[in-house]
Structures are given as structure tokens and as C-alpha cells.
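J.: Sequence:
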Amino acid sequence: MRGTTTVEWQWRSYVYVSLACLFRKEPDEEILAALSEEQQLSCLFEDLKSLLPVAVELEADIAAHAHESDAYQAQLREDFNRLFIGPGPLLAPPWESVHRSRERLLFDEHTLAVRAFYHSFGLKAAKQEQEPEDHIALELEFAGWLCQQAVNAESPEQAGVFIDGHREFLVRHMFEWVPAFCGAVSRSSETAFYRKLAILTMLWLDYEKEAVHIE
-9 MRGTTTVEWQ
1 WRSYVYVSLA
11 CLFRKEPDEE
21 ILAALSEEQQ
31 LSCLFEDLKS
41 LLPVAVELEA
51 DIAAHAHESD
61 AYQAQLREDF
71 NRLFIGPGPL
81 LAPPWESVHR
91 SRERLLFDEH
101 TLAVRAFYHS
111 FGLKAAKQEQ
121 EPEDHIALEL
131 EFAGWLCQQA
141 VNAESPEQAG
151 VFIDGHREFL
161 VRHMFEWVPA
171 FCGAVSRSSE
181 TAFYRKLAIL
191 TMLWLDYEKE
201 AVHIE
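The opening position of the sequence shown corresponds to residue -9 in the numbering used here, with each subsequent residue numbered one higher.
Since the hints were made in silico from the structure, they are not lab data.
Misleading hints may appear alongside valid ones.
Claimed, not checked - Cβ-Cβ distance ranges computed for the label pairs, FRET-style:
1) N142 <-> I75: 29 to 37 Å
2) S110 <-> L38: 24 to 32 Å
3) P146 <-> A54: 40 to 48 Å
4) L113 <-> V161: 31 to 39 Å
5) S178 <-> C33: 24 to 32 Å
6) S59 <-> E158: 20 to 28 Å
As the list claims (entries may be wrong) - Derived lysine to aspartate or glutamate pairs resembling DMTMM-like cross-links, with alpha carbons at most 25 Å apart:
7) K15 <-> E58
8) K199 <-> E(-2)
9) K15 <-> D51
10) K199 <-> E36
The structure presented is a predicted model; accordingly, all values stated were derived computationally and were not measured.
The beta-carbon is built from N, C-alpha and C at its ideal position, and this holds for glycine as well.
Whenever a hint applies, use it, and build me the whole structure from the sequences.
T.: The structure is reproduced here in C-alpha cells:
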């Protein structure tokens, strides 16, 4: 993974940021248009045989609902709330700590470990006292940020710090819980959009696992 080119690290950053955007909130009209009309996901995954068909299916689902965009957005909003926000028991809690702690608690040692990892790179979540830092969108954003810093680095040694950090964050955190989270989303979603997004995210991490040579 250390030998990966700058272009590939930039591409990785785009992938993580795009996935983070889709898990942060339900997609609005602008995001849906970018996905269906500009085919952003297909462009990102065009060289990955396992991911491209899923990206195409997700974009096709959006296009199929273009004539009823308001109703479609309402469906996605309802599904997003059922899965990640509530009210009621969450079907796919979007926090690492809930998936990794026996008691399924927020703000436990896993959250603190993620906070410490952010701090080790000089970062602090904007709402760390109100929102757990181990939310799926924040972890994806951070992984993308590490990739971008590897691109922006002024020397191979400096780039190596961010590349190693990226690998460590995947191994210590994201690989440990995101597959289970994606499985919960895939099982519980009532829309093809979130089912496909979960599958796409899981396949992306499978790709990354091979890239960092983790069995």
C-alpha cells in the first residue's frame, strides 16, 4: 500500500468522502442528480469489477424514480430515520461503540479510542461533546482526509505517516465494525438505495482489506 501512486490516493479520498456524504444525511435533490445524471459512483468504481455493478444499480434506482422525486426523497428520508436516527429502536446504529461493546453503549472506550486517533493527527470533531466521533460518516471522512493528506504531503516520509495512519485506522477501527453495520443496513432497509449503499460500502472495505494485506 505504501507504493500506491498519488492519483490512487486521491481516488481513495474521493471514494471515502462520497460514501461519508451518503451516510451523513438522507440525499437531497442535488445529490441524487449528481448520482444519477453525472453517474459519480460509476465513475469512481469503473475499474473495480466487484463494485461497478452495484454502483450502476444504485444509480439506476435513482433514475427510475426521477418522475416522482418528491415521493422518492420522502421514502429515503423515512428509511434513513428508521435505520439511523429513530424514533424507536435503531435498526442499524451508525456508531462503532454500539457494534463493538457488549452493552451496545455510546461514548464508551471505543469512542474515546477514535477520538484519540483523531487527536493524534491534530483533528477534533466539531460536535464531539454532543455527537459521538465514531459515527460512520465521521470515520469515513477521516479515512478520506488521511488519503488526501498523503496526496498533499511534501515528502515521501511525510506521506508515509498518513498512509500508515490510514492503514492503522482501518485495521483498528473500520474493519472491526463497519461490515456488521453494513449487514444491518442491508437486512433492515426498505429501499434499494440504502441496501445498495451498504453493499457498496462493504465491497469497498473488502477491496481496501486486500490493499492493506489483511486476511
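J.: Take the hints in turn and mark each one as holding or not.
T.: Okay, the hints, checked on the actual structure:
For the hinted restraint 29 to 37 Å between N142 and I75, the CB-CB distance of approximately 34 Å keeps it satisfied. Roughly 30 Å separates the CB atoms of S110 and L38, a value that falls within the hinted 24 to 32 Å. Here the CB-CB span from P146 to A54 is close to 47 Å, well matched to the stated 40 to 48 Å. Between L113 and V161 the C-beta distance comes to about 19 Å, which lies outside the given range of 31 to 39 Å.
For the hinted restraint 24 to 32 Å between S178 and C33, the CB-CB distance of approximately 29 Å keeps it satisfied. The hinted window of 20 to 28 Å between S59 and E158 is violated, with their beta carbons roughly 42 Å apart. Taken as a hint, the K15 and E58 pair is honoured in the structure, with Cα atoms around 20 Å apart against an allowance of 25 Å. As the CA atoms of K199 and E(-2) are separated by approximately 15 Å, the hinted pair is consistent with the 25 Å bound.
In summary, the hint linking K15 to D51 is supported, as the alpha carbons are separated by about 18 Å, within the 25 Å threshold. The straight-line distance between the Cα atoms of K199 and E36 is roughly 19 Å, inside the 25 Å bound, and the hint therefore holds.
Hint compliance for this structure: hints 4 and 6 are broken, all remaining hints hold.
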